[in-house]
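Starting from the known structure of chain G, arrange chain E on it as the hints suggest.
Protein chains: 2
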Amino acid sequence: MAIVVQKFGGTSVANAEKIRKAAARAIKAKQAGNSVVVVASARGKQTDQLIADAMELNPNPPKREMDQLLSTGEQQTVSLFAMALEAMGHKAISFTGSQIKMITDSVHTKARILSIGAERIEKELAAGRIVLVAGFQGVDENDNITTLGRGGSDTSAVALAAALGAKECEIYTDVDGIYTTDPRIYKKAVKMKQISYDEMLELASLGAGVMHGRSIEFGKKYNVVIHVRSSGDESEGTLITHEVPQMEGVVVSGATIQKDMAKFALIGVENSPGNAAKIFTHLAKAKVVVNDIIQTEVSKEKANLSFTTAASDIEPAKEAIEDIKGEVKFDSLFVREDIAEVSVVGVGMRTHYGVADRMFSALAKAKVNIDSITTSEIRISCIVDEDQAEKALTAVCDAFELDKLAENRSK
Amino acid sequence: MAIVVQKFGGTSVANAEKIRKAAARAIKAKQAGNSVVVVASARGKQTDQLIADAMELNPNPPKREMDQLLSTGEQQTVSLFAMALEAMGHKAISFTGSQIKMITDSVHTKARILSIGAERIEKELAAGRIVLVAGFQGVDENDNITTLGRGGSDTSAVALAAALGAKECEIYTDVDGIYTTDPRIYKKAVKMKQISYDEMLELASLGAGVMHGRSIEFGKKYNVVIHVRSSGDESEGTLITHEVPQMEGVVVSGATIQKDMAKFALIGVENSPGNAAKIFTHLAKAKVVVNDIIQTEVSKEKANLSFTTAASDIEPAKEAIEDIKGEVKFDSLFVREDIAEVSVVGVGMRTHYGVADRMFSALAKAKVNIDSITTSEIRISCIVDEDQAEKALTAVCDAFELDKLAENRSK
Chain G
1 MAIVVQKFGG TSVANAEKIR KAAARAIKAK QAGNSVVVVA SARGKQTDQL IADAMELNPN
61 PPKREMDQLL STGEQQTVSL FAMALEAMGH KAISFTGSQI KMITDSVHTK ARILSIGAER
121 IEKELAAGRI VLVAGFQGVD ENDNITTLGR GGSDTSAVAL AAALGAKECE IYTDVDGIYT
181 TDPRIYKKAV KMKQISYDEM LELASLGAGV MHGRSIEFGK KYNVVIHVRS SGDESEGTLI
241 THEVPQMEGV VVSGATIQKD MAKFALIGVE NSPGNAAKIF THLAKAKVVV NDIIQTEVSK
301 EKANLSFTTA ASDIEPAKEA IEDIKGEVKF DSLFVREDIA EVSVVGVGMR THYGVADRMF
361 SALAKAKVNI DSITTSEIRI SCIVDEDQAE KALTAVCDAF ELDKLAENRS K
Chain E
1 MAIVVQKFGG TSVANAEKIR KAAARAIKAK QAGNSVVVVA SARGKQTDQL IADAMELNPN
61 PPKREMDQLL STGEQQTVSL FAMALEAMGH KAISFTGSQI KMITDSVHTK ARILSIGAER
121 IEKELAAGRI VLVAGFQGVD ENDNITTLGR GGSDTSAVAL AAALGAKECE IYTDVDGIYT
181 TDPRIYKKAV KMKQISYDEM LELASLGAGV MHGRSIEFGK KYNVVIHVRS SGDESEGTLI
241 THEVPQMEGV VVSGATIQKD MAKFALIGVE NSPGNAAKIF THLAKAKVVV NDIIQTEVSK
301 EKANLSFTTA ASDIEPAKEA IEDIKGEVKF DSLFVREDIA EVSVVGVGMR THYGVADRMF
361 SALAKAKVNI DSITTSEIRI SCIVDEDQAE KALTAVCDAF ELDKLAENRS K
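Taken in sequence, the protein lines are chains G and E.
First residue of the first sequence? That's 1 in the numbering used here, and the numbers climb one at a time after it.
First residue of the second sequence? That's 1 in the numbering used here, and the numbers climb one at a time after it.
Chain G with its partners taken away, still in its complex shape (with noise of 0.2 angstroms):
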């Protein structure tokens, strides 16, 4: 019998209705003929509660202990999640981490999973029953809870998904799949059938991801087909999976716009081997995070280097920047803040010609002025003004066709 794994977000887990329904879900698959392993996330807002009760103990609590308290709420949901399942009619399971061996290493509140215990699960499918497993959690080799981050969840589904050698691992949400671009900036963005796990990696990477970049990293690893759909309707959703070759023939797969940003130029820094390292490793202790540098010489003696952040991290970024005016010389600093990153993703550029010409092309007809550009191998990203950044997108999503269904596009 295939096994499917089913995964559900707090929100689709929120209360005693919405339970039912997931349960109904996981029913259907089961009555189709597979074997199913549900994992699930804390009820609604059950872990701000949890959080909120722990800061008002301590508001640096260990983080042991986090993840100890923080367990509980995946936990609470599978078994309220069996109950529904046994009230329905069917035979159901409920497991911890712990109790499926989902070891993890001993990082608490980031841990990563080493590795996963089949055997009980598999048992209990070939007495047909349901298997609930607690997602976000593990323990490490001490028994000690685990948990494993943001995303925490989709990547304990993935990894079972992968333990286990199921056909699928379908990701249920908000959202009925991955859309071309933002549906709510582009109107006509499409939903995409299929987009691989190197163009989700980079959209994830870009603040567009429906899903967590390190299970979309394991499903790449392990090879499980992840299927993004939503928990209201029945439609398909969009498969990550790895990339098949109709996929080199769309240039384009998605585009992303990011606001609240913020670049900082630093301008006329002396040359000096390791000067960009105590830079970065000031902002690292600071907190701030990085998204691309440039860095250009501008004499042999001097280079200006910018890069961008959250406008979140403005702060904490000048202050680190204040810090090391007297290990670093720089001439001056310009903060903009009025600024938005425009990116088009899609694999096909690694084989396609002329994709970033034709990006500025339709920039510049849209009149967008653009301040930098960055690229990967898969990507290119160009800083707009803050108050063009949704002209720009409508600009190069018309360009690459994100209108249109990716069979339909045109090459």
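It is worth saying that the hints were derived from the structure and are not from the lab.
Hints may contain errors.
Derived coverage of chain G by chain E (criterion: at least 3 residues anywhere in the stretch with Cβ under 8 angstroms from a Cβ of chain E; other residues may be distant) [as the list claims (entries may be wrong)]:
hint, stretch
1, 10-22
2, 77-91
3, 225-234
4, 283-292
Heads up, simulated DSSO-like pairs for lysine-lysine below, C-alpha to C-alpha not over 30 angstroms straight-line [said to hold, decoys possible]:
hint, chain 1, residue 1, chain 2, residue 2
5, E, Lys-193, E, Lys-18
6, E, Lys-28, E, Lys-123
7, E, Lys-191, E, Lys-167
8, G, Lys-101, E, Lys-101
9, E, Lys-18, G, Lys-45
10, E, Lys-18, G, Lys-101
11, E, Lys-193, G, Lys-123
12, E, Lys-191, G, Lys-91
13, E, Lys-287, G, Lys-21
14, E, Lys-101, G, Lys-110
15, G, Lys-45, E, Lys-63
16, G, Lys-101, E, Lys-91
17, E, Lys-123, G, Lys-63
18, G, Lys-21, E, Lys-123
19, E, Lys-101, G, Lys-63
20, E, Lys-193, G, Lys-110
21, E, Lys-63, G, Lys-123
22, G, Lys-18, E, Lys-302
23, E, Lys-63, G, Lys-28
24, G, Lys-45, E, Lys-21
25, E, Lys-110, G, Lys-101
26, G, Lys-63, E, Lys-21
27, E, Lys-367, G, Lys-45
28, E, Lys-287, G, Lys-91
29, E, Lys-318, E, Lys-300
Every value quoted in this text rests on a predicted model; they were computed, and no experiment measured them.
Ideal Cβ positions, reconstructed from N, Cα and C, are used throughout, including at glycine.
Same frame as chain G, now just chain E:
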């Protein structure tokens, strides 16, 4: 270093302020030079909320899943308690029943403890940490979470005290000890300095105990001194210990009153073998809890059989007796609902004469009618009219001087 086990019930950890107050207790015991283990229950109404959540999905939830669900309440408390201790400058670590290998049988919702792994706790105590253990829960051999039923956290605490060879198990509660009788009825009741396990077991079965019978049995079996005391103040509470010689000097240690009872009297039951068995089997099937049973022969052929139940069991008991009319012949059934039971308990009864006489004389002098009498080795109970019950208790308490400390009481 001596080990002290402290147990805090749900009301003693209901909110952040109370958790901090309980944590201060643990710190005080630590600073007095003890190794400290804390057992805690679920916060305030958390368990009730989880039960309501379960009932909404399944009015008859699988017991294994119920245990999986309810055990999260205690897990939350102990992790929060550990965070509070850390915030107050003390090293702490929390454990679930599973993590300390509190192994039980597989009888979900009322499991019995088979063994406890002291090793992990001893290691953490040696490292100077205060160790928190989630009460009420364990795991069976297959790593399924179990719970210990009513009074389960008390049982966890006493069992841990036994396994660790603790010098004392402190039970913190909202009363400051065990009283000679209910102070709401007999204002002159005094707090006992100590009481034997056997007496406490009788009091618990009579509904008067602060603690559940199972934890007291555990204490008796493993020789753990149990100290019942207030979480609200620093006063010494009551020690529950093995019988000591001076206890025998005191005839009656405590007195109780039970209301909301009913007495069933079957008159003229045919005296054939197995009739009593048939009656009580039917009552058990109807889940009627039968307290005292009295049977008296009235002739060679017939006997009168009476028994008491809780008032809430009247209807099912009546139906059960209606059911057996075909199998067991009897002349008539009388049901009295306007009764109460007054009892006195004391290990001294074993060696003293005239206790019953003294009780009956006191009741006669107070003009209290005695409906029926039952006794055990260390208990005498009288069924009286409900409206005379408080007068009866007062008369009995005066007769046995329950307004005086044991050492000042006449023998």
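Quick rundown of the hints versus the structure:
1. Coverage of the stretch 10-22 of chain G by chain E holds [criterion: at least 3 residues with CB-CB distance below 8 angstroms; count 3].
2. Under the rule that three or more residues need a Cβ within less than 8 angstroms of chain E, the assignment of the stretch 77-91 of chain G holds, with 8 such residues.
3. Counting residues of the stretch 225-234 of chain G whose CB lies closer than 8 angstroms to any CB of chain E gives 0, which falls below the minimum of 3, so the coverage claim is violated.
4. Under the rule that three or more residues need a Cβ within less than 8 angstroms of chain E, the assignment of the stretch 283-292 of chain G is violated, with 0 such residues.
5. The straight-line distance between the Cα atoms of E:Lys-193 and E:Lys-18 is roughly 26 angstroms, inside the 30 angstroms bound, and the hint therefore holds.
6. Pair hint E:Lys-28 plus E:Lys-123 holds up; C-alpha atoms about 21 angstroms apart against a cutoff of 30 angstroms.
7. Between the alpha carbons of E:Lys-191 and E:Lys-167 the distance comes to roughly 22 angstroms, so the proposed pair stays at or under 30 angstroms and holds.
8. Under the criterion of a C-alpha separation no larger than 30 angstroms, the hint pairing G:Lys-101 with E:Lys-101 is consistent with the structure, at around 16 angstroms.
9. At most 30 angstroms may separate the alpha-carbon atoms for a hinted pair to count; E:Lys-18 and G:Lys-45 meet this at roughly 24 angstroms.
10. A hinted pair counts as satisfied when its Cα atoms are at most 30 angstroms apart, and E:Lys-18 with G:Lys-101 does not qualify at roughly 35 angstroms.
11. Distance restraint check for E:Lys-193 and G:Lys-123: the Cα-Cα separation of roughly 55 angstroms exceeds the 30 angstroms cut-off, and the hinted pair is therefore not satisfied.
12. In summary, the hint linking E:Lys-191 to G:Lys-91 is not supported, as the alpha carbons are separated by about 52 angstroms, beyond the 30 angstroms threshold.
13. For the given pair, E:Lys-287 sits about 36 angstroms from G:Lys-21 by alpha-carbon distance, which is inconsistent with the 30 angstroms threshold.
14. For the hint pairing E:Lys-101 with G:Lys-110, the CA-to-CA distance comes to about 26 angstroms; that is within 30 angstroms, so the pair holds.
15. At roughly 26 angstroms between alpha-carbon atoms, G:Lys-45 and E:Lys-63 fall within 30 angstroms of each other, so this suggested pair holds.
16. Taking the CA atoms of G:Lys-101 and E:Lys-91, the gap is near 28 angstroms; set against the 30 angstroms cutoff, the hint holds.
17. Taken as a hint, the E:Lys-123 and G:Lys-63 pair is honoured in the structure, with Cα atoms around 20 angstroms apart against an allowance of 30 angstroms.
18. Restraint check for G:Lys-21 and E:Lys-123: the C-alpha separation of about 46 angstroms exceeds 30 angstroms, so the hint is violated.
19. With a CA separation close to 22 angstroms, the supplied pair E:Lys-101 and G:Lys-63 stays within the 30 angstroms bound.
20. A C-alpha spacing of about 51 angstroms is found between E:Lys-193 and G:Lys-110, which places the hinted pair above 30 angstroms, so the restraint is violated.
21. Between E:Lys-63 and G:Lys-123 the CA atoms are separated by roughly 20 angstroms; this keeps the pair inside 30 angstroms, and the hint holds.
22. Only pairs whose Cα atoms come within 30 angstroms are accepted, and G:Lys-18 paired with E:Lys-302 is rejected, the gap being roughly 62 angstroms.
23. Between E:Lys-63 and G:Lys-28 the CA atoms are separated by roughly 25 angstroms; this keeps the pair inside 30 angstroms, and the hint holds.
24. With a C-alpha separation of about 28 angstroms, the suggested pairing of G:Lys-45 with E:Lys-21 holds against the 30 angstroms cut-off.
25. A hinted pair counts as satisfied when its Cα atoms are at most 30 angstroms apart, and E:Lys-110 with G:Lys-101 qualifies at roughly 26 angstroms.
26. This hinted pair checks out: G:Lys-63 and E:Lys-21 have alpha carbons roughly 23 angstroms apart, not beyond 30 angstroms.
27. Proximity of E:Lys-367 to G:Lys-45 is assessed by CA-CA distance (about 62 angstroms); at most 30 angstroms being required, the pair is judged violated.
28. Between E:Lys-287 and G:Lys-91 the alpha-carbon distance is near 27 angstroms, which keeps this suggested pair within the 30 angstroms criterion.
29. At most 30 angstroms may separate the alpha-carbon atoms for a hinted pair to count; E:Lys-318 and E:Lys-300 meet this at roughly 27 angstroms.
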